[in-house]
Amino acid sequence: MTADGTSGLASRPWAIVAAHELRSLWLSAKGLTVLFGYTVLLSAMTYLAATNSELNLLDARESIAIIVQVAIGLGTLAALVVSADAISGERERDSLEALLLTPVPRRDLVIGKMLAASTMWLASIIVALPYAYSIAQGPAVGADAVLVLITVGPLVGAALTALGMAFSAVSLSNRVSLAASIGILLVLAAPSQLPAIASRGALGSILVTINPVSAGLKLANTILIDQKTWASQWTLIVSPVVAAILLTVVAVLASRRVRLGGSR
Amino acid sequence: MSSGPAVVCENLEVGYGQMKAVDDVSFSVEVGQVFGLLGPNGAGKTSVVRALTTIIDPSAGSARISGYPLTDPAGVRSVIGVLPESNGYPESITASEYLRYFGRLNGLSATAAITRAASLLTEVGLDGVGGKTIRTFSRGMRQRLGIARALVNRPSVLFLDEPTLGLDPAGREDILSQLTAIALSDGTSVVLCSHLLDDVERVCDRIAILDKGKIVSSGSVADVTARAEVGRVVTITVETADTDRALDVLRDAPAIRSIAATQPGLIEVEVSRPVEDFNSLLDALLRAGVSIRALEPPKTRLNEAFLALTGEKERANDR
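Top to bottom, those sequences are chains F and U. Residue numbers for the first sequence follow the numbering used here, beginning at 1 and rising by one. Residue numbers for the second sequence follow the numbering used here, beginning at 265 and rising by one.
With the rest of the complex left out, here is chain F:
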């Protein structure tokens, strides 16, 4: 404890930055607006999947898998947008210089901002849980749906949040940071949209497995639709775990490259 009663953790620079960023994200319109948009989309998808028998040509299990995948994808996108703006946005708003002038190490700035951005996917998953559980009641795969959300969601979310942060740290322009981050998310998500036959071959299977996004989304399919066991699908969780760790390390290392820019 410090003299004023704050714990050691709360006086760490990254914790101070994270607390400030959390307030900025959730007490301003930004975080709540993104979460509201996410909730509206998820509600619409869930409603269609659960009630509209004419439009819903899917098997009930496929509907649950789609809802879980959409929840993971949109939650990751929301967190990615927030993290990709974290440093490059400060640079564009001319508020980065003041931060860089404090004695706080740049690593702590990046870690604090990354933690705050991570709450975006955390909130998305919390919002998605009742949707996934309620729609899964019928085929009794609710527990699996929730489990997929709380394992795959955080891993993919953490990996992509770190990726956005790394881009934000090194990009001089906010537009470049956002475009690069979203572009990579789309590229990573693309294999999950391939026809099933394309991912059944050896090469297709490897590509899906080493890609953290497609592996995570495929895991949702195999657990929720094909009703495979978690133990038999462990290979699909490896790349999200590795990506989450590796990209977090990359984001922290990218903090060394945080610069103001080249203005005279």
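Among the hints, a few may not be true.
Said to hold, decoys possible - Coverage of chain U stretches by chain F, computed from C-beta distances (three or more under 8 angstroms per stretch; other residues unrestricted):
hint, region
1, 341 to 348
2, 368 to 375
3, 432 to 439
No lab work stands behind these hints: they were computed from the structure. Every residue, glycine too, gets a C-beta built ideally from N, C-alpha and C.
Take the given structure of chain F and dock chain U to it, following the hints.
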């Protein structure tokens, strides 16, 4: 950390690719001194400040801020306060929250940060608006908030880059008064970057004029203006009847560049050395019995010296 000068900058160079923005710049700032760094746009003032505040790495040279070398950025940042030229704010938080946040980032405890924020808001004249979000602030209020933020860690050296730019006369007056008070009361050294020469002339103890990355003149305002090749016209008003006699005396006087009687009794003389020649002219006229009604000594304003030293006048004419 040090009892020497607050800022010692030696042969500093800053490059952006092939371009040298700062070239062999050296100066020092004593404790409690207000030092003005002047120059036209693109002269390299902001680059000097950014190098001295560890935002960019110099390509050559060295500097010490309150004894801390630039190779110890954490040390330097612990003793400086900076108001950058482009100063953005998080719009959705209050002024008080903003100062508390920066207090915490500068190592203050939560309680100390609250106390410091409140006292700074009072110090810069923002008491009463600390609870308002920054988006409601005028430019002048934002500048004052920026100064408050720069002071949050009780810095020994304060760097202010164009602090009065875009402010109305009352706002400028406010900021300049505050600046002087800070230097006088706390012994804080101030490095003031500006191209508003009236401001600099008013508050700075010493100045350096920067042009194309190099210091072209430095010293006190009086020294710099005296060294500039301007302001050497002495205007003498004599009795109308004494005009011819005065002209005869002046024609024989040494070191006179030109003489012109613009109207009876009013003579303009261009001298070579402002102070010495002015005295000798006066002496010669009095010895010749010329009745002098008025005599205006050669006066050089800083802006004239600035224009002459930086070649801005010629550049403007070329444009």
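Cross-check of the supplied hints:
| no. | hint | in the structure |
| --- | --- | --- |
| 1 | 341 to 348 | holds (count 5) |
| 2 | 368 to 375 | holds (count 7) |
| 3 | 432 to 439 | violated (count 0) |
In this structure, the one hint that does not hold is number 3.
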